[in-house]
Amino acid sequence: MNASRILGTALQYAFLGLAAFLSIFPFFWMVISASNTSIDIIGGKTSFGDAFSTNVTNFFTQVDVPLVFWNSTKVAVLATVLTIVVSSLAGYGFEMFKSKARERVYSLVLLTLMIPFGALMIPLFMMMAKTGLINTHIAIMLPTIASAFIIFYFRQSTKAFPTELRDAAKVDGLKEWQIFFYIYMPVMRSTYAAAFVIVFMTNWNNYLWPLIVLQSNETKTITLVVSSLASAYYPDYGVVMIGTILATLPTLFVFFVMQRQFVQGMLGSVK
Amino acid sequence: MNKMILSRLAAGLFAGASLLASTAAFAGEVTVWCWDPNFNVAIMKEAAARYTAKHPDTTFNIVDFAKADVEQKLQTGLSSGTTDALPDIVLIEDYGAQKYLQSFPGAFAELSSKIDFSGFAPYKVQLMTLDGAVYGMPFDSGVTGLYYRKDYLEQAGFKPEDMQDLTWDRFIEIGKAVEAKTGKKMLGLDINDAGFIRILMQSAGGWYFDKDGNLSIADNAALKAALETEQKILQANIHKPAAGWTEWVNTFTSGDVATVTTGVWITGTVKAQADQSGKWGVAPIPKLNVEGAGHASNLGGSSWYVTAGSAEKDEAIDFLNEVYAKDIDFYQKILTERGAVGSLLAARTGAAYSEADAFFGGEKVWQNFSDWLAKVPAVNYGVFTNEVDTAVTAHLPSLGQGANVDEVLKAIDSQAQGQIQ
Numbered sequence: 007m008n009a010s011r012i013l014g015t016a017l018q019y020a021f022l023g024l025a026a027f028l029s030i031f032p033f034f035w036m037v038i039s040a041s042n043t044s045i046d047i048i049g050g051k052t053s054f055g056d057a058f059s060t061n062v063t064n065f066f067t068q069v070d071v072p073l074v075f076w077n078s079t080k081v082a083v084l085a086t087v088l089t090i091v092v093s094s095l096a097g098y099g100f101e102m103f104k105s106k107a108r109e110r111v112y113s114l115v116l117l118t119l120m121i122p123f124g125a126l127m128i129p130l131f132m133m134m135a136k137t138g139l140i141n142t143h144i145a146i147m148l149p150t151i152a153s154a155f156i157i158f159y160f161r162q163s164t165k166a167f168p169t170e171l172r173d174a175a176k177v178d179g180l181k182e183w184q185i186f187f188y189i190y191m192p193v194m195r196s197t198y199a200a201a202f203v204i205v206f207m208t209n210w211n212n213y214l215w216p217l218i219v220l221q222s223n224e225t226k227t228i229t230l231v232v233s234s235l236a237s238a239y240y241p242d243y244g245v246v247m248i249g250t251i252l253a254t255l256p257t258l259f260v261f262f263v264m265q266r267q268f269v270q271g272m273l274g275s276v277k
Numbered sequence: 217m218n219k220m221i222l223s224r225l226a227a228g229l230f231a232g233a234s235l236l237a238s239t240a241a242f243a244g245e246v247t248v249w250c251w252d253p254n255f256n257v258a259i260m261k262e263a264a265a266r267y268t269a270k271h272p273d274t275t276f277n278i279v280d281f282a283k284a285d286v287e288q289k290l291q292t293g294l295s296s297g298t299t300d301a302l303p304d305i306v307l308i309e310d311y312g313a314q315k316y317l318q319s320f321p322g323a324f325a326e327l328s329s330k331i332d333f334s335g336f337a338p339y340k341v342q343l344m345t346l347d348g349a350v351y352g353m354p355f356d357s358g359v360t361g362l363y364y365r366k367d368y369l370e371q372a373g374f375k376p377e378d379m380q381d382l383t384w385d386r387f388i389e390i391g392k393a394v395e396a397k398t399g400k401k402m403l404g405l406d407i408n409d410a411g412f413i414r415i416l417m418q419s420a421g422g423w424y425f426d427k428d429g430n431l432s433i434a435d436n437a438a439l440k441a442a443l444e445t446e447q448k449i450l451q452a453n454i455h456k457p458a459a460g461w462t463e464w465v466n467t468f469t470s471g472d473v474a475t476v477t478t479g480v481w482i483t484g485t486v487k488a489q490a491d492q493s494g495k496w497g498v499a500p501i502p503k504l505n506v507e508g509a510g511h512a513s514n515l516g517g518s519s520w521y522v523t524a525g526s527a528e529k530d531e532a533i534d535f536l537n538e539v540y541a542k543d544i545d546f547y548q549k550i551l552t553e554r555g556a557v558g559s560l561l562a563a564r565t566g567a568a569y570s571e572a573d574a575f576f577g578g579e580k581v582w583q584n585f586s587d588w589l590a591k592v593p594a595v596n597y598g599v600f601t602n603e604v605d606t607a608v609t610a611h612l613p614s615l616g617q618g619a620n621v622d623e624v625l626k627a628i629d630s631q632a633q634g635q636i637q
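Protein sequences appear in the order of chains L and V. In case it helps, this note's numbering puts the first sequence at residues 7 to 277. In case it helps, this note's numbering puts the second sequence at residues 217 to 637.
So that you can see chain V by itself, here it is in the shape it has in the complex:
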């Protein structure tokens, strides 16, 4: 009787254990890790469907994890050296690309011999290049624009022509006029987020690191000009302060501010306010007052990488090449359905890119973004962009209190040095 109980218990346990055993990995299946079910995942599914239509033997397993989770899993897999636990294709945020490429040499497949990168926005190719070899497939771009409320600006006496070819100083003047006439602030600003600084810095071809990847803070003219500009904005008090991302988004969805300067991926959020249709325009972002400064920049974006140890490596590369490097129609579809702006410059020749957008009063916004995309200065994001970003963020509040920008630069420099070591 007692033996029976034990053997039943054991049988139950074994039955449970065998139920749980299930394995992955089938031949010809390309596994992809990425985040955001409505964006990257959905876009990758569309790409996969296009490829399987022509290559029915290839199947795809697109696995959806949070962004931090993809990074955590990738880091663990690469650190443990167990390549069979890694996917065939993985999405990596552009700011972190060099960290993975340089920390795990040989972990990602070199693609320059198999894919023609000349058709992509140069800055996207540059950020995934190490020692002359290209390791990724450029994906979505965060090319920036100045989104502005035509109605508010008109009330203050400015026409769309007045918003072209601005400098930041002029932008601040306009901001003061807008507030005087309409009572609206010019922009929403989160003092604990360095995104605005990064946009400005890259628009002048600068970054936290020089072309060789060495930390460059103390005598970085672009960064200095960016900090000065943010200080002027804070002191002119033309901004509506926002604490955190959702509050920042709320500054313009609620109609409280007249402009938004950020990456093109915000378009969907702007357009989600149907009652604001026809009231928005998009201009190139204002220019910094330093040498090499322009009207094009970038915020965010990510790209696809093929793991070098993948059993389906060739298949994965062929897939990326066929869809992401050649399929113009694919780029029209992801723009229309997901609001994704890819990095393939030829995509602009398609129908969706040529369309005039009624929400923006009939402007051909996508043609404009495509123009700016080609002009984004290529910079070296280096290994420690996120670490230096933390140091910059820590010192942004002091700008508003009137701190000397050179002193702030020094403080950022010493904190960044400490964090990198």
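The following block holds chain L by itself, in its conformation from the complex:
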């Protein structure tokens, strides 16, 4: 009994260790590569090199880093805030207001999850072209704001929201939007945090749609810049790795800052 328990624990640790290795190794490799020259990277060098500062200097001379980061941050933060406001209102609405058509409309919203983006791309592009929004950051954000997945996520989480709170607030004379802003939002803050992490990562890493819409060097986001560096005939992999590190840092930062709330939010807790 005791022996099999130890064996079980050992297996568990072995499995988790392997999983952790598989998750962490690409990051480790990225950091190692960033400190080596392109030739060393191609040669398969697995130890730290001394080219880190050269790579950083090259990256900063080849790329207008402040502009690119400003573009990415602007798009990601604004799109995330708008998505969360719109989609949490929708999720709240779907759960709180009862009507005959509710489930049908909700199914329709969920159905949109099944349409691949490739099918929407050309119609969306034509809409943006006709409204003159091509090559603007608004065009990147607009199609992402009403996110079916986040609406679904908020509706599911709202099921755990105690309706007594809403009833009590109503008795106290609060209007619906006041209940939403002053009671629902603070109570659901871990849900909001989790949604923020998910949406921020999606927007920060968004690639295909910005690629289609953006037409100039001045509007490009970090993902497009790294992609362009990597597709050279002879990519300077050291520089590309600096780019990927810088592109990864903000999502890591957001995740670690909100880690606790994220986990709580994913577990569906209400405080």
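Please keep in mind that the hints were generated in silico from the structure rather than gathered at the bench. The reader is advised that the hints may include incorrect statements.
Stated by the list, open to error - Derived coverage of chain L by chain V (criterion: at least 3 residues anywhere in the stretch with Cβ under 8 Å from a Cβ of chain V; other residues may be distant): (1) 130-137; (2) 214-224; (3) 232-239.
Claimed, not checked - Taking lysine to aspartate or glutamate and the DMTMM-like style, the derived pairs with C-alpha atoms no more than 25 Å apart in a straight line are: (4) V:261 x L:70; (5) L:51 x V:472; (6) L:136 x V:285; (7) V:529 x L:224; (8) V:401 x L:70; (9) V:542 x V:587; (10) V:456 x L:46; (11) L:136 x V:367; (12) V:495 x L:46; (13) L:136 x V:287; (14) V:283 x V:300.
Values in this document were obtained by computation on a predicted structure and should not be read as measured data. We treat Cβ as the ideally placed atom computed from N, Cα and C, and that holds for glycine.
Got chain L; can you put chain V on it based on the hints?
Frame of chain L; chain V shown alone:
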């Protein structure tokens, strides 16, 4: 108080929105899409600088995307029919040119009436010709050469003269001798890349498609000879296997192999190994044993196209004509600074093309490449080169296991037929 919060929120949103609104498109600005900041982008910037020096009213907006991204954007723009979302000039890889020309008729400006194409390498002009009209401006060439390590070959008893006018059979014999004497393999070979097959096939004037663009696999003598040659090399075991591009490059940068057969654009990578200076030579590639076979071929390369709906169409065409079709000095500069070999044959008269290269032991390599450039057989890349390439790649590993080449051809044929439909 609550209203204030709402109105502040709204004001914030509007302020954010107006900050984001910015538009492109100014009159007289030529927009160019291309990939590779150190190659195409840098070269286009040089070309633009030369043009604006004489035409100060024209400005350029050269936008840098990954190659797959340029293709994706072009495809979306053309499919949606919104021409104002397209650039004025776009770079297209040669293998894909006919796909765009034939899939989107009228999307690209016909240039044959405005530009004299007689000065360019014929095969480059041919690949952008549809129904007798030329639609592009030939740009960089992938004319091929046989780069070889003089030191290794000398150790095995071969002089540079012995490397001229080779056949592939002789190449394999030399390879065996080199391995016996030096322990080095003759070439690096990636069994999951059909580039080598394409070089060999085009050197005999063949391609996956016939002159009319119809699929030609099963009774394609050039393709068959190419596959047979690769099989002989694999069976003679004179190759160092490489998985993927970087590993393949590493086979010769590390000094593990004695030769490299590929496009001229590899020169910069070869020369980047300063410690190997003087040890390399360049010869014409060996010849296949079929009718029409020669020593000149091509791998890769791309060209510029002007979109037909462009507002700056005439300006764009005039720009391409003035720099890419006439400016010999421009071609010297891009050769020296970027290692780019253009397709304008007259470029060879310039100083950079005439120079003897110390890295190659004082050989006039650029004059040689220019000779071969004019001799590259013109073939029809057709609409589906990339699709057929996938089918070929899928069957290359079986060659090494001794599969019958006719059977392999049949298998490629049926897979290609399936992919094209």
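Hints versus structure:
| no. | hint | verdict |
| --- | --- | --- |
| 1 | 130-137 | holds (count 4) |
| 2 | 214-224 | holds (count 7) |
| 3 | 232-239 | holds (count 7) |
| 4 | V:261 x L:70 | 17 Å, holds |
| 5 | L:51 x V:472 | 17 Å, holds |
| 6 | L:136 x V:285 | 22 Å, holds |
| 7 | V:529 x L:224 | 23 Å, holds |
| 8 | V:401 x L:70 | 44 Å, violated |
| 9 | V:542 x V:587 | 19 Å, holds |
| 10 | V:456 x L:46 | 20 Å, holds |
| 11 | L:136 x V:367 | 64 Å, violated |
| 12 | V:495 x L:46 | 22 Å, holds |
| 13 | L:136 x V:287 | 22 Å, holds |
| 14 | V:283 x V:300 | 21 Å, holds |
The structure fails hints 8, 11 (numbered hints given earlier, in ascending order).
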